[in-house]
Amino acid sequence: MTKAKGFMALACLLGAALSAFGPARASDVDYGKPGDPIHLQVGYQPYYSEAWSGAVIDGLALWKKYLPAGSTVDFNIGLQGSIIVNAMLAGKESIGYLGDMPAIVATTKRQVGDLRIVAAIGLGYDECNVIFVRNDAPRFVNADEAVAWLDGKTVASPKGSCADRFARAVFEKKHVNPTSYLNQSIEVITSGFRAGKLDGAVLWEPTATRLVEGSLARRIGAGNNFDERDGAFIDMRADLIQQRPDVVKGWLEAELEAEQYLADPKNAVSVAELAQAQTTGFQKHELWRALFGEYSAEEGGAPVRLTLPFELTAPALEHIKKATAFLFSIKSIDTPELPSDAVLPELTTDILKEHGLTAPVGEIKAQPESAFR
Amino acid sequence: MNASQVPRGALSLQDVVKIYDPDGSNVMAVDHCSLKVEAGEICMIVGPSGCGKTSLLNAIAGFHDIDRGSIRLDGEVLCGPDRRQAPIGPDRVVVFQNGALFPWKTNLENIAFGPIAQGRLSRAEARDKARAMMAEAGLSGYENDYPGQVSSGLRRRVEIVRALINDPAVLLLDEPYRALDALTKSVLHESLLEIYYKTRKTIFFITHDLEEAIFLGHRVVVMTSRPCRPKRIFDVDIPHPRDYGVLTSKRFREIAAEVAEAVNEEALKSFTRGEREG
Amino acid sequence: MSVAQPDRPLLAETLTQWAEAFRRPTLYLAVLGYALMLGFWYLTVQVLKLPRFSQMPALTDVMREWTSRDPAYGVSIFTPIYYQHILVSLRRIAIAFALATSLGVPVGLLLGWSKAFRDYVFPLFEMLRPIPILAWVPLAIIMLPGDELPVVYLTFLASFFATALNTMLGVKSIDPAYVLAAQCLGASRWRIFAEVIVPGALPFIFTGLQISIGVAWFSLVAAEMISGQFGLGYLINTSYTTVEYPTLVIAMFTLGIVGYSTSALVRRVGEGLMTWRTRQLAMDGRG
Amino acid sequence: MASDVSLAVDERERRSSGARLRRKLNSVSTRRAAVSIVVALLLWQLGATGPSWLGMRIPILGASPSPVAVAQAWSHLVADPNYWRSWYLSLLRVLFGFASATLVGVPFGLLLAVHPTFRAISYPAFELLRPIPPLAWVPASIIFWPTQELSIAFVIFIGAFYTIVINVLGGAEAIDVRLIQAARSMGASRGNIFWRLILPGVAPSIRVGMEVAIGITWEVVVAAEMISSGSGGAGGGLGFFIWNSYIGGSYPNIVVGMISIGIAGYASSTVVRVAAGRLTPWQRA
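Protein sequence lines correspond, in order, to chains A, B, C and D.
Heads up, the first sequence is in my numbering, so the first residue is 1 and it goes up one at a time.
Heads up, the second sequence is in my numbering, so the first residue is 374 and it goes up one at a time.
Heads up, the third sequence is in my numbering, so the first residue is 652 and it goes up one at a time.
Heads up, the fourth sequence is in my numbering, so the first residue is 939 and it goes up one at a time.
FYI, nobody ran anything at the bench for these hints, they're computed from the structure.
Errors might be hidden in some of the hints.
Straight line, CA to CA, 27 Å or less: simulated DSS-like cross-link-like pairs of lysine-lysine [to be verified]: (1) K153/A <-> K331/A; (2) K700/C <-> K478/B; (3) K33/A <-> K249/A; (4) K92/A <-> K700/C; (5) K700/C <-> K33/A; (6) K321/A <-> K109/A; (7) K571/B <-> K409/B; (8) K173/A <-> K153/A; (9) K642/B <-> K604/B; (10) K700/C <-> K109/A; (11) K331/A <-> K173/A; (12) K64/A <-> K321/A.
Let the sequences and hints guide you as you build the complete structure.
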């Protein structure tokens, strides 16, 4: 037994050595002092048109104007918001462009990482909430009939995304029960339709327009048909907000300029070109139509494709509140309401006041086909 | 199983040649070997290791073909010019060097395997006959054990009984007692003789052990080194039935000296050639 | 491997073994080993919050979630969904394993026994085998209808190769003397196949089955992660994308436990069926 | 009638490799192998191009790309540098994961075998995690490790590590205890018993462990690349190449990727077999 005692001693020694590390708030990332150049890691989604303001900041390098000299920014592509949330929680990224569900879920993981919602960059009805059925599905009179058809079918949607939240909200509202509700990424869904394996899917633009233009599936409705909004937000790590208010303000200034650029109709085509440069497998027209083109009413289209609140306006806060309650009911998060300081509206409100602007800072109206050249 | 049947098991090998042709460098294992074994005779084959004795036995059993000459059993052609390879059959049962009892069958099932496989007896009849033969061979009580559970000596006796139940014309024994200790060997020699005296089966027995050859055999055939051919045949004129007392008799010593001298000559030749154990 | 003496009642036998176990130090050392591992996990994640470790789910959170009546993310031993994931995975493993065994063993026996069959089939076999099973995932998704079939197919493929190969090795390992002895005793080619080749290859077949169940779990997890619905692999991947880390760890440990018990079952069944083998091993082989 | 089991006299000494090779080439089995491969390819070609000659799609085979399409795709890819880059990346990951697993696994296995108390403590914990398949570690590994490269390397490490340790342990236990007693009776110290006796005794099972482990590393690297590419990684490698071909809808490339991995796997296991063979010269087959 003497050997065992030896090992016991060794184990205690090991424990002591580890605790010598000192319980520094190890999970905080050190961003340096205000004014120093900063090396930012940003998680953004060129494959999610509601959050294209991130793509515009990257494409036009707007961040250079507002961040301290010598700073660098790495733009990391996430195929869906929750991938970015994982990276932000792990401290690999500190700013994230997220759909409503991941943005909300991110603020409920305090024991892993402290993230806050700082800006509402888009509110709409058919940017994230778009429903598809297979091409050979029967003709439907309206969206309700189409959704009813999905009962007992195979439906796919990227779990943990804004589309997932919308899909489950609609299925609950319309008492629809697909036999298999698959968790598949937007890519797998695209090839799933190509291989004829899916009956339906719920996903976001621009992949939605790609399915339509590639005639891989048929769009049968969106948020407008079910009075279900979709929204996109910016989350930031609390330690970044606390250590570097200058960088946060600078980034939000760049965000404001990007949203104003998006709101100007004549920039539509250049935004599409810019998005094409940051994605693979998309035609320019698909990207243009995803945010700026028009869709018929029965396809769930509406004259206004997207409003750009920038500030956390009342409708944006209402949407967050409603979505949080729903996410708790389906056990996606473990609290019925977000912590009080999870949402920080004052950051964007101050900037708007400085610029003498009021939210929303812009609106994207559907343009006729002729507008694309 | 009475001895009054027409005596069977007369083997005659004429001019048998066996050439192995692994990768073109053909090696002659058996060189114009001619040998006659009377019905009911215990014929002992002795020779240096790797001299081709086993190939001879394999040819008789039909495990492989021969290149020239012929082998007859009771006058019938087993293999010859028009049929190179003898058919394998229960008339010539082989008992292998390190045993071939099926480990997954009990001793009884092993013995009953032959008659059932040939369809001569029903499962029940075969089992009864096997149980009777085991009793006769002093093996009762071990029927339901697996071979792995009994001693190697006992296993060897079960294997002999497994051969005998098919009433073969010839028993082909390929150094069956090689891996056994001297004590077990002597017990097995006596049990083999006991069985022989009851059945008078022809026994074609290959061995390295000179004393074993002389003690058991009517005749001892000393083979040359590779390629093997009968070099000298000794008649062991000690009368049967024999018991272990024979080993110390003068006549036994004389024969042993002569046989040893003939064998050593060949053994030296094959040793210098670095023959591995055949 | 000690063989329990049949005359002493089994209960007495196990009780004495338990009593001995408690006296020997190994039990305490094993507990120490587990304590050290869990302690390391608890220490680094919760107490010290080391740089990389702080993101990992905490030991107490995982345990609380696993055993809570109303788990935060809906998965614990008290929720039916937990058992649905386990059952779906087990069903897939069972189907794939059964198919792989019922196809793999005969093919393996034929590969070992008949030269013609081996000449024709083995080259194809050897060309397909080096391709990692999971490289088949995209092709499986495209070629096979539905989302259940590709997952089962992948699991089947991994097991099939393992079973067939080991069965073939089993046939090859049989001492030729048995075949010749059976021929001497007048057995037909078919009877030799049934009463010599098959029993003779059994030990290898059972090692093959144990490898096959392990490989099956290996492929099932990955297949479920990529394209499945329900199942432990699926649960692992989904709880990653939806940032439910405690559920992720629960799924991993559950997978470990379920995987281990199925392999142990296969091993126990194997040993049971081969009574002659176990007794033979106890008597240290044939003389 | 006798089955293929031959009872030829010992032929190994008289075998000359030249003759053996020539004999093997035109032997019956090689001809049959050629026939079966050609027939398989033909069936696949006909199956895949069902509509062209049969007018309708054949159920399962119909969805697969035809061998001709695969060959064409491969001819384009050969000129494409990042096809070879994915080879390079996957090979790098396999090598890195395999080497680290061997460097850690062999000593750990030996320590388990030699040191009873260490074994009593760490083996149960080691066994607790063993049934968890390596790929179940991918998400946890992505969370834990800072870069995607490290995450995949860790998963490969897990796959190979367990195999090597189990084999080394098995090998050490199989050493005939009488050898150790004999060495000890000749006054051998613990040190040289280990170096002179246990290590060479375990060498063959280290070799087997490495050969099995390299196979597993290929299984793991492909899947890890696929899974992590599914969750946002952009790491490249043959697994990623296959996944990208699937996503991009260019199905012939998928089959090219599969065959490439088969070749890479086969080549690396041969290299390991030869290299590890050095470990046990006395075991020359």
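- Query: Which of the stated hints cannot be reconciled with the structure, identified by number in ascending sequence?
  - Reply: When the structure is compared with the hints, numbers 2 and 12 turn out to be violated.
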